[in-house]
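*Asks:* These protein sequence lines map, in sequence, to chains W and Y. My numbering puts the first sequence at residues 12 to 366. My numbering puts the second sequence at residues 12 to 366.
Derived from the structure by calculation, the hints contain no laboratory data. There may be inaccurate statements among the hints.
Note that the list lumps identical chains together, so a pair holds whenever it fits in one copy or between two copies.
The calculated DSSO-like cross-link candidates involving lysine-lysine, where the alpha carbons are at most 30 Å apart (straight line), are [as the list claims (entries may be wrong)]:
no., residue 1, residue 2
1, Lys173, Lys53
2, Lys133, Lys144
3, Lys173, Lys16
4, Lys48, Lys365
5, Lys16, Lys52
6, Lys52, Lys343
7, Lys195, Lys133
8, Lys343, Lys16
9, Lys173, Lys261
10, Lys48, Lys291
11, Lys240, Lys53
12, Lys109, Lys291
13, Lys53, Lys144
The residues making up each chain are set out below.
Protein chains: 2
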Amino acid sequence: MNELKNDRFLRALLGQPVDMTPVWIMRQAGRYLPEYKATRKKAGDFLTLCKTPELACEVTMQPLDRFDLDAAILFSDILTIPDAMGLGLYFSEGEGPKFERPLRSAADVEAIGIPDPEQELKYVTDAVRVIRKELSGRVPLIGFSGSPWTLATYMVEGCGTKEFAYVKAMMFDQPAVLHQLLDKLADSVTLYLNAQIQAGAQAVMIFDTWGGVLGPRNYLDFSLQYMEKIVSNLTRENEGRQVPVILFTKNGGQWLEAIADTGCDAIGLDWTLEIGDARKRVGEKVALQGNMDPAVLYAAEPRIRAEVATILESYGPGSGMVFNLGHGIHQKINPDHVTMLVNAVHELSKPYHKR
Amino acid sequence: MNELKNDRFLRALLGQPVDMTPVWIMRQAGRYLPEYKATRKKAGDFLTLCKTPELACEVTMQPLDRFDLDAAILFSDILTIPDAMGLGLYFSEGEGPKFERPLRSAADVEAIGIPDPEQELKYVTDAVRVIRKELSGRVPLIGFSGSPWTLATYMVEGCGTKEFAYVKAMMFDQPAVLHQLLDKLADSVTLYLNAQIQAGAQAVMIFDTWGGVLGPRNYLDFSLQYMEKIVSNLTRENEGRQVPVILFTKNGGQWLEAIADTGCDAIGLDWTLEIGDARKRVGEKVALQGNMDPAVLYAAEPRIRAEVATILESYGPGSGMVFNLGHGIHQKINPDHVTMLVNAVHELSKPYHKR
Chain W
12 MNELKNDRFL RALLGQPVDM TPVWIMRQAG RYLPEYKATR KKAGDFLTLC KTPELACEVT
72 MQPLDRFDLD AAILFSDILT IPDAMGLGLY FSEGEGPKFE RPLRSAADVE AIGIPDPEQE
132 LKYVTDAVRV IRKELSGRVP LIGFSGSPWT LATYMVEGCG TKEFAYVKAM MFDQPAVLHQ
192 LLDKLADSVT LYLNAQIQAG AQAVMIFDTW GGVLGPRNYL DFSLQYMEKI VSNLTRENEG
252 RQVPVILFTK NGGQWLEAIA DTGCDAIGLD WTLEIGDARK RVGEKVALQG NMDPAVLYAA
312 EPRIRAEVAT ILESYGPGSG MVFNLGHGIH QKINPDHVTM LVNAVHELSK PYHKR
Chain Y
12 MNELKNDRFL RALLGQPVDM TPVWIMRQAG RYLPEYKATR KKAGDFLTLC KTPELACEVT
72 MQPLDRFDLD AAILFSDILT IPDAMGLGLY FSEGEGPKFE RPLRSAADVE AIGIPDPEQE
132 LKYVTDAVRV IRKELSGRVP LIGFSGSPWT LATYMVEGCG TKEFAYVKAM MFDQPAVLHQ
192 LLDKLADSVT LYLNAQIQAG AQAVMIFDTW GGVLGPRNYL DFSLQYMEKI VSNLTRENEG
252 RQVPVILFTK NGGQWLEAIA DTGCDAIGLD WTLEIGDARK RVGEKVALQG NMDPAVLYAA
312 EPRIRAEVAT ILESYGPGSG MVFNLGHGIH QKINPDHVTM LVNAVHELSK PYHKR
């Protein structure tokens, strides 16, 4: 494989010295970029874009050509595994993802199998291989998956939800059925991420978008337990380098200590806590990634720079931090504001990394 | 006024001894009750139901006739103040509340006035008076309002939102405009709640449904500061009794200490933290209200009782706790499960209140 020209992101995740704080943006390949919209139009629909490795590669590269980002992230959807399990993923315009066959019973859960990533999900590992070749060592490539709990919410509800009625009814009334589903998902995610690593992903991130809708005991039991199982079974070294693992639970700020205990290398933070406070709580054990409110990017440059400065100051000197938003970038953000953000992070972080 | 036959709720909010833990349910007058749906049908639409004191009284009383609840809560909408400010509140089927004229500029904010609760909102204080008469001292009546920040989100967005793009753009780019709006709202809420108290509300609660989407500094600056201003200007005694004030920020578990410092009497908790941990953090200063996941009510009776027992045990012995859900009851809950919940709270809490 090509030698890595910029390894700032990987080094920061492992707490190794860097010259400045690395930065990437969740959903950096997305609808706020006109070139993304053009490629998506060419693809015809979102799932074709995900399932065509050359097109997935094209949109993965677009933000790197515009901004001085320190990492690329595989373009894909978090619901590829349930789709490969045969639930029939589809997107209805303006309504988000849906499944034709949601899981509602013990028999439904019993019936699903564990996808072979090099068969049913080969379009994903193919995309990883194509992107790595195209990157040619510019920056590292991040692979990812949804967490078992987050995948289960969509699989049981069949669509997005505010109340999580079906999956929580299952949790409170048929916990053994839900645990069986989460077990299958943990095995599937492990195979899936290891296949991405084998294909060339240099770090992996697990998105637990909906862990924060659980109470603390249920979070540990139905979400974190399964992420921990995945972490302990991942390939942690490849191509002679460590492959760092990032866990991100949206609205998980109350449970950082428990997340840090899973053995992951880094925790993704949303913007509801100060990153400096998070560092005090877990900073010796793991790196931190975050945590600017995505809505700051609606503001003009002085405000963007001020917010970047505040977050860098809150974290303080030394390595172990990756700058990011606390959630995906919004669709209506002006791409020029991302330029301002990325440049501000690099420029303003240098003093924190002097030897 | 009539003598109060059951003052368990008011006593618990003030930390005074009680025989058992009082319980009420957020959104207890709501669509899970067939009799509510019948009254709403009779009213024609939701706003007419809110604006007709006799009908608001009818639905306020319905859950009390079914369940052994320890408090009634005024039936109303949180968006009555912006409606009275002339924004044109309406409800489109299945899409939640919307405003015909959202606020988007400094001039828009400049133009709005502070409603006189005994004029533009007289239907609310009339409802309080009718309900108090109908209650005839059975249980205390809770008045309520949305928090300034939560009202502002709807007023600036013009509808419900997941990203809060417009209101956060205003926060980051035109903070002075947003502060002017929040100032007007704090004054309006103060007048509104004091009018409810004057009309007979025996406790008041401020619902900060969207405070949890803010970062910690912004929460203090744009939400909590204004709730504190309201708390310090409320009538705290009426009819010879203290009028307790409850603050509830959904997803506010990380900021309990700051909320307790506002001078409120109680904090409403969602289910993302253990009530026992919350008590350790702030229990000497304020009472706590919560905090069962509303989705527990989908489960069968043994599970409901087990969850009630766990929460009561987590809080531990002594007064200062009001049992509630951590958010409003879901529409599809079987009302019989509410009976199970209410009875379980009363029965299982008695040992915690022995002298």
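*Asks:* Hint compliance check: list the failing hint numbers for this structure, sorted ascending.
*Replies:* Per hint list: 3, 4, 5, 8, 10, 11, 12 violated.
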